[in-house]
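Next come the chains, spelled out residue by residue.
Number of protein chains: 2
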Amino acid sequence: MNKPQVPDFLKNIRIVLARPSHPGNIGSAARAMKTMGLTRLYLVEPKTFPSDEANALASGAVDVLEHATVVPTLVEALAGVTVACALTSRRRELTTPLSTPRETAPELMARARDGEQVALVFGNETFGLSIEEVEQCNRLVTIPGNPDYFSLNLAMAVQVMTYELFSHAGVGVEHLRAEAETATRDEVEGFCVHLDATLARVGYYERRNGERLMRRMRTLFNRAGLLREEVDILRGFLKQVQRTADRADAASVPSEDREA
Amino acid sequence: MNKPQVPDFLKNIRIVLARPSHPGNIGSAARAMKTMGLTRLYLVEPKTFPSDEANALASGAVDVLEHATVVPTLVEALAGVTVACALTSRRRELTTPLSTPRETAPELMARARDGEQVALVFGNETFGLSIEEVEQCNRLVTIPGNPDYFSLNLAMAVQVMTYELFSHAGVGVEHLRAEAETATRDEVEGFCVHLDATLARVGYYERRNGERLMRRMRTLFNRAGLLREEVDILRGFLKQVQRTADRADAASVPSEDREA
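Chains as they are written, first to last, in the UniProt record's numbering: chain A, 1 to 260; chain B, 1 to 260.
No lab work stands behind these hints, which were simulated from the structure alone. Among the hints, erroneous ones may be present.
[To be verified] Stretch by stretch, here's where chain B covers chain A in the computed footprint (C-beta under 8 Å, at least three residues): (1) 29-37; (2) 58-66; (3) 131-145; (4) 154-162; (5) 175-186.
[As the list claims (entries may be wrong)] Covered stretches of chain B (chain A as the covering partner; in silico rule of three or more C-beta atoms under 8 Å from a C-beta of chain A): (6) 23-34; (7) 235-246.
Predicted, not measured: the structure shown is a model, and the values here were computed from it. Note that beta-carbon positions come from the ideal geometry of N, C-alpha and C, so glycine has one too.
Could you build all of it, start to finish, from the sequences and the hints given here?
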């Protein structure tokens, strides 16, 4: 299977970091974004940018930093945006709709696909987003987590949110799957018949409920999702067992008959 | 709304880091776990542990490190486990079933809820999991991402996977929502009637198709999900507009009448 393509419309989704303090977080956020197919980074009044530290942590995503847009206010970062989501983890006395990344991602992706500009806005590491910043957004988005210990750093939050978006991009992991053909129902049944004969052949059914045993075995092999190659290996083994049984029978023939 | 509880059965899910090289990643992984309600950390042959660096990056999750189980082999880390998932991002010539975190999380959570022990196994930062390590697992799990640039560091991968599990834990973000009462259909309609009268009162309908305008306004306010408090504010504004119109009418009465 060919390597899938990242859909082009992801360029309509921008990540906005408002007043980030630590250059390392800017770099890690860029890496997180690019891993999830996003490239548009806006930085509102970053404390330090550009910086070697950001470049180091961006790893192969330095291009995202090089193309980042630095602006003095959030208003400018949101120019042309239809839906801006404020990432927040604390309770706010605001009636702006609050949802999880999972709930909100399908709408954001649909809007981006339609050509709208969508923004995800992350606040400062220590102070989060100010009330004025949140008021410029249409949505509050909260990542669910342990209510007694919620400690997502900025880049981790970017990673979780972009992962959530990417999981709705229709890019699967099929290209990483090893090629393998699933056995058909009748191939599995052919194996079960073979197994039944072999169990009988080696005397395993003596003093046992053979019907019940085979029912368990059929259930197992029907459930296991056998591959064609696995059926071949198992049937090869059964053939070898039967040959061994034949040799054993031959060996147990009384010696006078053998010599005749 | 009360703060929700992390479900107790999450203790049946363990995170296994196989041969981690960087102490910082161990600390960040612990923080990522605890943020998503997990506490059981197994370390297979860590290069350096315990360490100040891990403790520093664990932030408030040092307890996870203190209770971590250090073992010499993956076999020991998987003792008692029914389903072990190998996190991998490269194509493997193995027919072990491969799925995404999203696909596999419901089964893992169901097993943990039933009391089974479940493991998520992450490999070394540079080399990933060895073929022998993968063979001890029942599943391959791959986080989807940009096929042309996939660069999730170890702690980021732990964060994404544990976020995915936690999102199936039934712990929402409702406790963070501001309290607000949605207006009923008839309250919205009451407002629309008021608006219609006000638009007429100030002469906005002159030379305009009033019916069509009100249809647009009704659609807008029905879609907007008005809160009761918002209806009150808007109707207060309309009343003030009507009072202003009354004053304007009074002022425009010819002066001779006024003096009478």
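Contradicted hints - numbers only:
Hint 7 contradicted; others consistent.
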